[in-house]
Amino acid sequence: MSGVGLDPKTAPTFPMAAKAMLGDTQLRKNVRHATDVIQEKRARVVGEMPDWQELREAGRQIRRHTMEYLDFYLEEFEANCTRAGGVVHWARDAEEARGIVVGLVKASGSDQVIKIKSMTTEEIQLNSALEAAGIHPYETDLAELIIQLGEDRPSHIVVPALHKNRQQIREIFQREMKLPELGERPQDLADAARMFLREKFLRVKTAVSGANFLIAETGGVCVVESEGNGRMCLTLPETLITIAGIDKVLPRFQDLEVMLQLLPRSATGERMNPYNSIWTGVDAASSGDGLRDGPRVFHVVLTDNARTEILADEEGRQTLNCIRCGACQNACPVYRQTGGHAYGSVYAGPIGAILTPQLQEMHHAQSLPYASSLCGACYEVCPVKINIPEVLIHLRNKVVKQNTAGVAGLFDVEAGAMKAMAMIFRSERRFRAAQRLGRVAERPLVRRDGQGEGWIGWLPGLLGGWTQARDLEEMPKETFRDWWERRGRDGN
Amino acid sequence: MRVSLFITCYNDTLFPETGKAVVRVLERLGHMVEFPRGQTCCGQMHYNTGYQAEAMPLLERFVAQFRGAEAVVVPSSSCVAMMRDHYPKMAVASGRAELIAEVDALLPRVFEFSEFLTKRLGLEDVGAYYPHRVTYHASCHGLRNLLLGDGPMRLLKAVRGIDLVELQGLEQCCGFGGTFAVKNADVSSAMLAEKTTAVLNTKAEACTACDNSCLMHLQGALHRQRTGVKTVHLAEILAGEDGVGR
Ligand code: SF4
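Protein chains in written order, with numbering that gives the first Met the number 0: chain A, 0 to 491; chain B, 0 to 245.
Because the hints were derived from the structure by calculation, they are not lab data. Incorrect hints may appear among the rest.
[Stated by the list, open to error] Partial selection, computed: residues in chain A whose CB lies under 7 Å from chain B:
no.	residue
1	14
2	15
3	17
4	49
5	142
6	332
7	375
8	417
9	473
[As the list claims (entries may be wrong)] Sample of chain B residues with no beta-carbon within 10 Å of chain A, all distances over it, derived:
no.	residue
10	0
11	57
12	87
13	100
14	131
15	180
16	220
Beta carbons are placed, not taken as given, at the ideal position from N, Cα and C, and that holds for glycine.
Required output: the full structure, derived from the provided sequences and hints.
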C-alpha cells in the first residue's frame with residue numbers, strides 16, 4: 000500500500016479523510032505527543048536567540064530575492080555544478096523526473112538504491128517507478144525506513160513517522176527484520192536499524208538523495224540531518240543522484256549562515272543539525288587511482304513539477320520560499336487533531352494546504368485551502384515568514400472562481416447563499432428585513448430549555464455541521480440598532 | 000472624544016447586549032457615542048471564504064459610513080483584523096487612488112474595543128464591578144493579528160470583585176474560523192472539545208473574550224453539554240456596575 004492515498008488526484012476530500020483520522024485515538028495521541036515535544040524544544044532554542052525576528056526577516060528576504068531571480072540562479076547553479084564535475088538534468092514534471100532517475104540508476108548498473116532525505120521523491124512517487132523498473136529502493140532515514148517497512152505513508156515533512164509510537168515501531172521491526180526478540184528501548188531499535196542499514200550502505204553502489212539547499216555560487220548541494228545515515232549515502236556509493244525542486248536554490252554560500260540557524264531550530268528544536276553535508280561535484284582524484292572520496296558520478300535532477308506556475312502567481316509565489324522545516328505543521332491545531340494523512344499528500348499541515356493545491360490542478364485539491372481555521376499559528380512560527388493564511392484565502396478565491404464559473408456555478412448552493420448575503424449587506428433596509436426574517440425563519444427550530452431560554456439544536460443543509468456538537472441560541476428580540484433608535488426616541 | 004461605533008453584523012443581530020455594554024462603558028468614561036445607521040458588515044465572512052468580489056462593496060460602504068469619524072470602536076477582534084490585514088490590499092487591487100488614500104487615512108482611527116481602552120485611552124481601570132469567577136480566552140485574531148497582548152487581561156484584573164482564572168492553552172484556537180466550523184465540522188468540534196475542557200477545568204462561571212464569534216462557538220458546546228457555564232463578551236464585564244454612587 001506504499002504510496003496509496005498520497006495522490007491528491009485520488010485522495011478523498013479533507014473533511015472526509017479528517018473524519019476517519021479523528022476516530023484513530025492512538026494516532027491522535029502520538030501526533031499530539033510528538034508535536035508537543037518538538038514545539039517545546041523549538042520554543043526553548045528560539046528563545047535563546049535575541050535576533051530571531053531579524054533572522055526571520057533575513058530568511059524571508061533571501062528567499063524572496065531568490066524567487067525573483069530564480070532563472071538566473073538556477074543557471075548559475077548549473078554552470079558551477081557542471082564545472083565541478085556534476086551532471087545537471089532538468090525535469091518539467093513528475094513523469095519526466097521519474098524517467099530521468101530510473102534511467103540514471105539503470106545506467107549505474109545497479110538494481111538497488113539507497114535513499115536519503117527526500118520528500119521530493121515522495122512528491123513524484125519515485126519509489127513505485129523504481130520498483131516497476133525492477134529496482135529496489137531502500138530508505139535509510141530512520142523515519143522513512145519505518146514508513147517503508149510498515150508499508151505506511153509519511154505524515155510529516157521532517158518527522159515522517161511522527162504518527163507512530165515506539166511500540167508500533169518495534170512491532171514493525173520485529174516483523175520486517177525478523178527479530179522476534181527485539182527489545183523496546185530506543186537503543187534496541189536504533190541498533191536494529193543500524194544493523195539492517197549497514198549492510199545496505201556497504202553493498203549498494205547507487206544512491207538517491209534529496210537536497211535541503213542548492214548553492215548557486217558554488218554549485219554545491221547541502222543536506223542536513225540528525226542520524227548520519229544521509230552522510231553514508233552521500234559518500235559511500237559510486238553514483239549519487241540528487242533530486243531537488245527548482246525552488247531549493249540559494250544565491251550565495253553565505254546565505255547558509257541564515258538558513259542553517261533558522262532550519263534546525265524550527266524543524267527539530269536543535270541549535271544545529273548533528274550532520275551538515277555540503278558537497279560540490281565529484282572529487283577529481285576519485286576517478287583516477289588516487290584516494291577515493293565520495294561518489295565518482297554525480298547527477299542533479301532539477302524538478303519543476305508546477306513550480307514555475309506557482310512562481311507566476313504573484314500572491315501564491317511566497318509558497319516557494321518554504322524551507323520545509325515543518326514548524327507550521329507542529330503549530331497547526333488542525334494538523335494536531337488529524338495528523339498528516341488526512342491531507343492526501345506528502346505535504347501536510349498548513350504548508351500542505353497551500354502547496355498541494357498549487358502543485359496539483361486545483362480541482363484535485365479543492366478542500367485543502369479550507370482545512371484551516373485561519374488562526375495564524377503557522378505564520379507566527381514560519382522561519383521565512385510565509386503568510387500562510389493569506390495564501391489560503393487567495394486559493395479559496397481561486398476555488399470559488401472555479402466553482403462559480405459557467406452554468407454549474409448558477410446552481411452552487413454556497414455561492415448562492417454568499418451572494419445573497421452580500422446583497423443584503425449592501426443595503427441597510429435589506430439588512431434589517433433579513434434580521435426580521437431570520438427571527439421568523441428560525442422559529443420552528445427553536446426549543447425551550449430548562450431555564451426557558453430558546454435554543455436551536457438542529458440546523459438543516461450546509462449549516463448542519465454547526466449543530467453536530469453545538470447549540471445555537473435563538474435570536475434576541477431586539478437588534479442593537481433597534482435598541483439604539485428606541486433609546487434615541489425615548490431620550491435616554 | 001466623539002466615538003463612532005461599528006457594532007458588526009453579527010453583534011447587531013445576535014449579541015445586542017455587547018453593543019449596549021460598549022455604549023455604557025464609553026459614556027461612563029465621558030465620551031460621546033454615535034452609531035452611523037447605514038453600517039452593516041465588514042465583509043470578513045465573504046473575504047475569508049473566497050468571495051473577494053462580494054467583500055469589496057462592503058469595504059466601500061464601511062469607508063462611506065466612517066470617513067468622518069474621530070475614532071471607530073469595534074467590539075470584535077476578527078472584524079478589525081479583517082480591515083487591517085485586507086482592506087489596504089483590496090483598495091490597492093481596486094486601482095482607485097482615492098479609495099487607497101481613504102482606507103489609509105481611516106484605518107489608524109479604527110480600534111478593537113479593548114485596544115481602544117488600553118492603547119488609545121491608556122486605561123486599565125474603567126470602574127467596573129463584576130463579582131464572578133471568570134476565565135479569558137484570547138481569540139486568534141486578537142492575539143496574532145492585532146497583537147492585543149495582555150491588554151484585555153489588564154482590563155480584567157482592574158475589575159472589582161472579579162475572580163480571574165487563567166485558561167490552559169490560552170493561545171490555542173477554539174476551532175471556529177467562520178465557515179471552517181461548518182465546512183470542517185468534525186475537526187472544528189475536536190478543537191472545540193479541547194477548549195471547553197480547559198474552560199471547565201478552571202471552574203469559572205463564565206468565559207470571556209474580545210470576540211463574540213469565538214464565544215458563540217464555545218457557548219454552543221457549553222450549552223449542549225449542559226455545563227451551566229456562560230460566555231460573556233469583555234465589554235459586558237467592563238460595563239458591570241455595583242450600583243453604588245451611580
Ligand atoms: S511554510 Fe514555513 S513553517 Fe511551514 S514548513 Fe515551510 S518554512 Fe517551515
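Worksheet item: Does the nearest C-beta of chain B fall within a distance shorter than 7 Å of the C-beta of residue 49/A?
Response: violated (19 Å)
Discussion item. Hint validation: residue 332/A versus chain B, beta carbon distance must be below 7 Å. Holds or violated?
Written reply: holds (5 Å)
Worksheet entry | Interface restraint verdict for residue 17/A against chain B (beta-carbon cut-off 7 Å) | This hint holds: residue 17/A lies near chain B, its Cβ roughly 5 Å from the closest one there, short of 7 Å.
Worksheet item: Is the interface hint for residue 142/A satisfied, with its Cβ closer than 7 Å to some Cβ of chain B?
Response: violated (25 Å)
Discussion item. A closest beta-carbon separation below 7 Å is what the hint needs, so does residue 375/A meet it against chain B?
Written reply: Nearest chain B Cβ about 4 Å off; hint holds.
Worksheet entry | Least C-beta distance from residue 131/B to chain A larger than 10 Å | Correct as stated: the minimum Cβ-Cβ distance to chain A is 17 Å, above 10 Å.
Worksheet item: Should the hint that residue 473/A touches chain B count as held when the rule is a Cβ pair under 7 Å?
Response: Cβ of residue 473/A sits 10 Å from chain B, so the hint is violated.
Practice prompt. Take a quick look at residue 180/B and tell me if its Cβ sits farther than 10 Å from every Cβ on chain A, holds or violated.
Written response: Nearest chain A Cβ is 6 Å from residue 180/B, so the label is violated.
Worksheet entry | Closest C-beta approach of residue 14/A to chain B relative to 7 Å, hint status | holds (5 Å)
Practice prompt. Please confirm whether residue 57/B is truly not at the interface, meaning its C-beta sits more than 10 Å away from all C-beta atoms of chain A.
Written response: The claim is violated: residue 57/B sits with its nearest Cβ about 6 Å from chain A, within 10 Å.
Worksheet item: Checking the smallest CB distance to chain A, is residue 220/B really beyond 10 Å?
Response: violated (5 Å)
Item to complete: Classify the label on residue 87/B as holds or violated, using whether its beta-carbon is more than 10 Å from each beta-carbon of chain A.
Response: It holds; residue 87/B is separated from chain A by about 12 Å at its closest Cβ, greater than 10 Å.
The structure fails to meet hints 2, 4, 5, 9, 11, 15, 16 from the earlier list, while all remaining hints are met.
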